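Quick note, the sequences are listed as chains A and B, same order. Position 71 (the first sequence) corresponds to 71 in the numbering used here; numbering is contiguous. Position 121 (the second sequence) corresponds to 121 in the numbering used here; numbering is contiguous.
Simulated from the structure, these hints should not be mistaken for laboratory data. Heads up, a few of these hints could be off.
[Unchecked claim] Not everything, but these chain A residues come out facing chain B in the computed CB check (under 10 Å):
id : residue
1  : G70
2  : I100
3  : M132
[Unchecked claim] With a straight-line cut-off of 20 Å between C-alpha atoms, the simulated SDA-like cross-links for lysine to any residue are:
id : chain 1 : residue 1 : chain 2 : residue 2
4  : A       : K150      : B       : K188
5  : A       : K150      : B       : D50
6  : B       : K188      : B       : A226
7  : A       : K150      : B       : T42
8  : A       : K150      : B       : V56
9  : A       : K150      : B       : G47
10 : A       : K150      : B       : E57
11 : A       : K150      : B       : G210
12 : B       : K222      : B       : D129
13 : A       : K150      : B       : D46
14 : B       : K18       : B       : K186
15 : A       : K150      : B       : G344
16 : A       : K150      : B       : E52
17 : B       : K18       : A       : L238
18 : A       : K150      : B       : K186
19 : A       : K150      : B       : A45
[As the list claims (entries may be wrong)] Covered stretches of chain B (in silico footprint by chain A; criterion: 3 or more residues with CB under 8 Å from a CB of chain A, positions within the stretch not fixed):
id : region
20 : 207–221
21 : 265–279
22 : 307–313
Note that the coordinates shown come from a computational prediction; the quantities given were computed from them, not determined experimentally. Backbone N, C-alpha and C fix where the C-beta goes; we use that ideal spot for every residue, glycine too.
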Amino acid sequence: MATVFKKPHALRDVPLHYCPGCTHGIVHRLISEVIDELGIEGSTIGVSPVGCTYNNYLYFNCDMVQASHGRAPAVATGIRRALPDKTVFTYQGDGDLAAIGTAEIVHAATRGEKITTIFVNNAIYGMTSGQMAPTTLLNQVTTTTPYGRKADLHGFPIHVCEMLATLEGTAFIERVSLHDIKNINNAKKAIKKAFEVQLAGKGFSIVEILSTCPSNWGLNPLEAMKWLQENMLPVYQLGNFKGKDLEV
Amino acid sequence: MAIRERLSGNEAIATAMKQINPDVVAAFPITPSTEVPQYFSTFVADGAVDTEFVAVESEHSALSACVGASAAGGRTMTATSANGLALMWEVLYIASSLRLPIILACVNRTLSGPLNIHNDHSDSMGARDSGWIQIYSENNQEAYDNMLMASRIAEHPDVLLPVMVCQDGFITSHAIENIDLVEDSKVKDFVGEYVPDMYLLNKENPIAVGPLDHFTHCFEHKRQQAEAMKIAKKVILQVSEEFSRLTGRNYSLFEEYMTQDAEVVTVVLNSTAGTAKYVVDQLRAQGKKVGLIKPRVFRPFPVDELATALSRFKAVAVMDKAESFNAAGGPLYTDITSALYSKGVFGPKLVNYIYGLGGRDVKADDIEFVYNQLLEITGTGKVDSVFNYLGVRE
Ligand SMILES: Cc1ncc(C[n+]2csc(CCOP(=O)(O)OP(=O)(O)O)c2C)c(N)n1
Numbered sequence: 001m002a003t004v005f006k007k008p009h010a011l012r013d014v015p016l017h018y019c020p021g022c023t024h025g026i027v028h029r030l031i032s033e034v035i036d037e038l039g040i041e042g043s044t045i046g047v048s049p050v051g052c053t054y055n056n057y058l059y060f061n062c063d064m065v066q067a068s069h070g071r072a073p074a075v076a077t078g079i080r081r082a083l084p085d086k087t088v089f090t091y092q093g094d095g096d097l098a099a100i101g102t103a104e105i106v107h108a109a110t111r112g113e114k115i116t117t118i119f120v121n122n123a124i125y126g127m128t129s130g131q132m133a134p135t136t137l138l139n140q141v142t143t144t145t146p147y148g149r150k151a152d153l154h155g156f157p158i159h160v161c162e163m164l165a166t167l168e169g170t171a172f173i174e175r176v177s178l179h180d181i182k183n184i185n186n187a188k189k190a191i192k193k194a195f196e197v198q199l200a201g202k203g204f205s206i207v208e209i210l211s212t213c214p215s216n217w218g219l220n221p222l223e224a225m226k227w228l229q230e231n232m233l234p235v236y237q238l239g240n241f242k243g244k245d246l247e248v
Numbered sequence: 001m002a003i004r005e006r007l008s009g010n011e012a013i014a015t016a017m018k019q020i021n022p023d024v025v026a027a028f029p030i031t032p033s034t035e036v037p038q039y040f041s042t043f044v045a046d047g048a049v050d051t052e053f054v055a056v057e058s059e060h061s062a063l064s065a066c067v068g069a070s071a072a073g074g075r076t077m078t079a080t081s082a083n084g085l086a087l088m089w090e091v092l093y094i095a096s097s098l099r100l101p102i103i104l105a106c107v108n109r110t111l112s113g114p115l116n117i118h119n120d121h122s123d124s125m126g127a128r129d130s131g132w133i134q135i136y137s138e139n140n141q142e143a144y145d146n147m148l149m150a151s152r153i154a155e156h157p158d159v160l161l162p163v164m165v166c167q168d169g170f171i172t173s174h175a176i177e178n179i180d181l182v183e184d185s186k187v188k189d190f191v192g193e194y195v196p197d198m199y200l201l202n203k204e205n206p207i208a209v210g211p212l213d214h215f216t217h218c219f220e221h222k223r224q225q226a227e228a229m230k231i232a233k234k235v236i237l238q239v240s241e242e243f244s245r246l247t248g249r250n251y252s253l254f255e256e257y258m259t260q261d262a263e264v265v266t267v268v269l270n271s272t273a274g275t276a277k278y279v280v281d282q283l284r285a286q287g288k289k290v291g292l293i294k295p296r297v298f299r300p301f302p303v304d305e306l307a308t309a310l311s312r313f314k315a316v317a318v319m320d321k322a323e324s325f326n327a328a329g330g331p332l333y334t335d336i337t338s339a340l341y342s343k344g345v346f347g348p349k350l351v352n353y354i355y356g357l358g359g360r361d362v363k364a365d366d367i368e369f370v371y372n373q374l375l376e377i378t379g380t381g382k383v384d385s386v387f388n389y390l391g392v393r394e
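When you get a sec, could you build the whole thing from the sequences and use the hints?
Written out as structure tokens, the structure is:
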């Protein structure tokens, strides 16, 4: 019988613990497909964040290190410097990367570390049950902004890709979304390119992935996808910010 | 009339903060203390307090913002656990040496690594020499009461030190218990207005906060800080007595439970003291002379008082919910042995039990085992093993 669908080998065949409708699972699959396609399973090392994906070392078929909250790019730097011919990626949420770990991501990027960061932006701190993140949209209700985020009280959403694009050390920067099949395919292309940039030794690469958190947004999975499209897309413009035409 | 409520430990702390109505709260969420700033941010959003609430990007920034706010003369509070407290480390020392009376609700959780969200005391015990007053709470009522007393202690002009109010993550922070709240107006009167002596932009007395302090003066400043910690003991007792007049609830440096004719006691912090009291009751019913000492104030360490109290017993088990990896006993144990030695108390046989690391459950049976070991020691007069682990797979 012809196989029409199978799990990527780089994704272990175990149930994921994520909430219904959470897009972390899709991101895991896309990364795993890319690892399969590039044939780098035995030579890839991941760094897990603190956040809902704290235990994603259970899901990826590669060795992984658990970093402290926000420190994944620094840990990845150490791994990559010690093992310069291996592929190293960090997997980070927006609390991890854009709040507590802002210094680490900026400095790994500006040093041009040859690592790849997969940045899952769900506009909230998921793991700790839905507090405002730096990426939270204006007027978005969270447990610490019960009447919505207000610019004068809580500041503005942070645009990580735009910010990192100003740094000369960065080689590839793209923002993608997971709200439909076409965009999921685009996301995979971006993730693949980001890994290829690292393999070609070109410098730091990052893909920001607009994602959902139905549990903490208080929406069902379908409504959450719709909310992402209607609210996140206008604020976080999709597209490539750097390295689109980089030869890899 | 006291207000009867049912609150979790985190709600109790947030309620105390609401009643105190501090000027600034800066925090970053971390399990299991997350709910404290979360409940509090709702009070802020609803206008129930006048506090500036800052949802900063990390704990390092949370405590740094508290330092700024406190230097500016504001009554300032935060909450955290485990790695959040660890990330504050640098600033913990700054806050205490700048003599800023910041209040921190510490909901005890295991310090990574490996990653673990459950309760032990490795976080606050690691900070025991950071110059913060540390007060431990057995249950939700004590967490609330200690929080109400904390500002008074911290802001006392002879003290001016930050205070950490500790309780056990999940065990009390997330368990709902009956609690007696003090009326808002009485809290207001008890806590009073914070009128700092020195603050930024005081025209009469311009200051620089935390400037370079080398060998010409640094030692004297540390000496003053150490003195303030000594004085804090008296102030804690004064404030506790005043609180007792207000509420009828009595607090001291430590609590003694069924110790009057006791031959053996355990010394144990926070919620496990509750389990131990239950075991004491059971063993007392069998005619065994057992009791309990529950330290409330760990910093300043009540050396004289504990040494005197412990000198009456034949055998003592000091229970530590933290390892200090010194190959010579947990932090409470080493402090107690040094207290006994320095006071010339050599009578009681002393043993140490490290228990509950990483949230390992401590059952009544475990505690009973410890008491039985102590009773055996009093029988034989021999201690086979001083350093012990309770409930671990070897
Ligand atoms: C030093 C430190 N501070 C705080 C925390 C608590 N914490 C765990 S996960 C998290 C937020 C994670 O949010 P995000 O990175 O957006 O990931 P998500 O859970 O949404 O996937 C926080 C604040 C921690 N573990 N360590």
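Results for each hint:
For the restraint placing G70 of chain A at the interface with chain B, the shortest Cβ-Cβ distance is roughly 7 Å, inside the 10 Å limit, so the hint holds. Residue-level restraint check for I100 of chain A holds (minimum Cβ-Cβ distance to chain B is 4 Å; threshold 10 Å). Against a cut-off of 10 Å between C-beta atoms, the interface hint on M132 of chain A holds, since the closest Cβ of chain B lies about 5 Å away. Taking the CA atoms of K150 of chain A and K188 of chain B, the gap is near 30 Å; set against the 20 Å cutoff, the hint is violated.
Restraint check for K150 of chain A and D50 of chain B: satisfied, since their Cα atoms lie roughly 17 Å apart, inside the 20 Å limit. Distance check on the hinted pair: K188 of chain B and A226 of chain B sit about 30 Å apart at the alpha-carbon level, beyond 20 Å; violated. Our distance criterion of 20 Å between C-alpha atoms is met by K150 of chain A and T42 of chain B, whose separation comes to about 14 Å. Proposed proximity of K150 of chain A and V56 of chain B is supported: the alpha carbons are some 15 Å apart, at most 20 Å.
Restraint check: the Cα-Cα separation between K150 of chain A and G47 of chain B comes to about 15 Å, which is no more than 20 Å; the hinted pair holds. Among the hinted pairs, K150 of chain A with E57 of chain B is consistent with the structure: their alpha-carbon atoms are about 16 Å apart, no more than 20 Å. With a CA separation close to 34 Å, the supplied pair K150 of chain A and G210 of chain B exceeds the 20 Å bound. For the hint pairing K222 of chain B with D129 of chain B, the CA-to-CA distance comes to about 12 Å; that is within 20 Å, so the pair holds.
For the proposed pair K150 of chain A and D46 of chain B, the alpha carbon gap of about 14 Å is at most 20 Å, so the pair holds. Of the supplied pair hints, the one linking K18 of chain B and K186 of chain B holds, its CA atoms being roughly 13 Å apart against a limit of 20 Å. Restraint check: the Cα-Cα separation between K150 of chain A and G344 of chain B comes to about 62 Å, which exceeds 20 Å; the hinted pair is violated. With a C-alpha separation of about 14 Å, the suggested pairing of K150 of chain A with E52 of chain B holds against the 20 Å cut-off.
Simply put, K18 of chain B and L238 of chain A have alpha-carbon atoms about 43 Å apart, too far for the 20 Å limit, and the pair is violated. Restraint check for K150 of chain A and K186 of chain B: not satisfied, since their Cα atoms lie roughly 34 Å apart, outside the 20 Å limit. Restraint check: the Cα-Cα separation between K150 of chain A and A45 of chain B comes to about 11 Å, which is no more than 20 Å; the hinted pair holds. Counting residues of the region 207–221 of chain B whose CB lies closer than 8 Å to any CB of chain A gives 0, so the stated coverage by that chain is violated, three being the minimum.
Counting residues of the region 265–279 of chain B whose beta carbon lies closer than 8 Å to any beta carbon of chain A gives 0, which falls short of the minimum of three for the stated coverage. For a cut-off of 8 Å, the count of residues in the region 307–313 of chain B with a CB near a CB of chain A stands at 0, and the three-residue condition is violated.
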